[in-house]
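So the sequence lines, in the order shown, correspond to chains A and B.
Residues 1 to 164 in my numbering are what the first sequence spells out, letter by letter.
Residues 1 to 164 in my numbering are what the second sequence spells out, letter by letter.
Treat the hints loosely; a few may be bogus.
Here are the computed lysine to any residue pairs in the SDA-like style, where the Cα-Cα straight-line distance is at most 20 Å [said to hold, decoys possible]:
1. A:Lys23 with B:Glu81
2. A:Lys58 with A:Lys150
3. B:Lys105 with A:Asp38
Reference listing, derived: stretches of chain A covered by chain B, where coverage requires no fewer than 3 residues with Cβ under 8 Å from a Cβ of chain B [unchecked claim]:
4. 54 to 68
5. 93 to 100
6. 117 to 130
Everything labelled a hint here was simulated from the structure, so no lab data went into it.
Where a beta carbon is used, it is the ideal one built from N, C-alpha and C, also for glycine.
Here is how the chains run, residue by residue.
There are 2 protein chains.
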Amino acid sequence: MIKAALSVLLVLVAVSSAKYIPKSGKRIPQTLSRGWGDQLIWAQTYEEALYWARLRNKPLMVLFHLEDCPHSLEFKKLVSEDNGIQRTLDEDFIVLNLMYETTDKHLSPDGQYVPRVIFVDPTMTVRADIIGRYSNRMYAYEPVDLKLFKSNIEKAKKLLKSEL
Amino acid sequence: MIKAALSVLLVLVAVSSAKYIPKSGKRIPQTLSRGWGDQLIWAQTYEEALYWARLRNKPLMVLFHLEDCPHSLEFKKLVSEDNGIQRTLDEDFIVLNLMYETTDKHLSPDGQYVPRVIFVDPTMTVRADIIGRYSNRMYAYEPVDLKLFKSNIEKAKKLLKSEL
């Protein structure tokens with residue numbers, strides 16, 4: 001009898017302390033990195049990123065992508081697995097990745113497409129001089145452009161330091 | 001000799017495949033939930049949240065908080081551990097939590113403070129009629145206000161459905 005009561009009590013405790021699980025099943029919490037570098041400290045919003053860029057006097061890299069875009073996914077794999085890129089972004093940049101456009105038109109100087117990488121300097125100016133190799137999508141990078149992307153990161157890092 | 005060569009090779013392979021780790025040590029990737037409910041699907045930005053609210057025809061709850069604010073932390077614990085709140089937010093709302101203010105002044109109708117909860121209906125209107133009990137901080141909730149917060153969630157859910 002006491003045993004039975006104890007069992008009921010245990011079940012009640014277990015039920016009341018059970019965490020909410022959606023009907024569709026348990027989900028893996030979404031990270032701010034979204035796979036672009038789990039060890040980097042990603043800003044959540046453009047406002048937050050600009051705040052940190054000014055405060056830390058660091059350039060900001062804004063990366064537009066989509067999770068169902070194969071070009072974005074290929075580029076993400078290269079960027080996230082390149083330790084050199086990851087280290088430079090971590091130590092010298094403020095980073096933000098976005099899947100939805102902002103209301104700030106400066107972040108889409110030649111249209112809204114993905115993947116698209118915009119460098120913003122700590123004075124909050126979008127750098128129109130740090131671009132890829134495609135004249136119709138100036139801020140786009142293909143997987144073959146990884147070397148150019150790396151040199152643009154270095155350009156953003158050095159140019160900004162020497163100018164400011 | 002062969003053994004030594006193999007060892008060197010193994011070390012080289014290990015080094016080249018090692019993932020980037022910051023000098024300050026490995027970090028735990030930040031989640032979009034930030035502790036407010038790991039099983040909920042959180043929007044990243046206000047633009048994204050509005051997009052989903054319109055598309056799904058659901059009310060949006062925007063929660064402003066700070067990680068070093070004891071009032072935010074107390075309220076977070078209550079909200080994240082209340083399965084009823086979690087289920088309703090998951091099934092009937094679009095949710096967004098922010099630590100930095102947006103440029104949209106409608107989200108700070110009576111100032112910028114935390115914790116602050118703003119309900120926005122699917123027509124993108126901030127609901128000035130769903131508020132807490134403090135006249136000088138109308139959208140603030142204290143831990144003792146959990147019951148009022150729950151009834152406001154129900155109000156947002158029902159009112160919006162019947163109106164639209």
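Exercise. Quick one, are A:Lys58 and A:Lys150 close enough, alpha carbons at most 20 Å?
Worked result: Holds. A:Lys58 to A:Lys150 sits at ~17 Å (cutoff 20 Å).
Exercise. Given the hinted pair B:Lys105 and A:Asp38, is their alpha-carbon gap at most 20 Å?
Worked result: Answer violated: B:Lys105 to A:Asp38 is near 32 Å, above 20 Å.
Exercise. Is the hinted pair A:Lys23 and B:Glu81 satisfied, with a Cα-Cα distance of at most 20 Å?
Worked result: Holds. A:Lys23 to B:Glu81 sits at ~17 Å (cutoff 20 Å).
Exercise. Are there three or more residues in the region 93 to 100 of chain A whose C-beta lies within less than 8 Å of some C-beta in chain B?
Worked result: Result for this restraint: holds, n = 3.
Exercise. Per the coverage rule (Cβ-Cβ under 8 Å, at least three residues), is the region 54 to 68 of chain A covered by chain B?
Worked result: It is violated: at least three residues are needed, and the region 54 to 68 of chain A offers just 0 whose Cβ sits closer than 8 Å to chain B.
Exercise. Three or more residues of the region 117 to 130 of chain A near chain B by CB distance under 8 Å?
Worked result: violated (count 0)
Hints 3, 4, 6, counting from the list given before, are not met by this structure.
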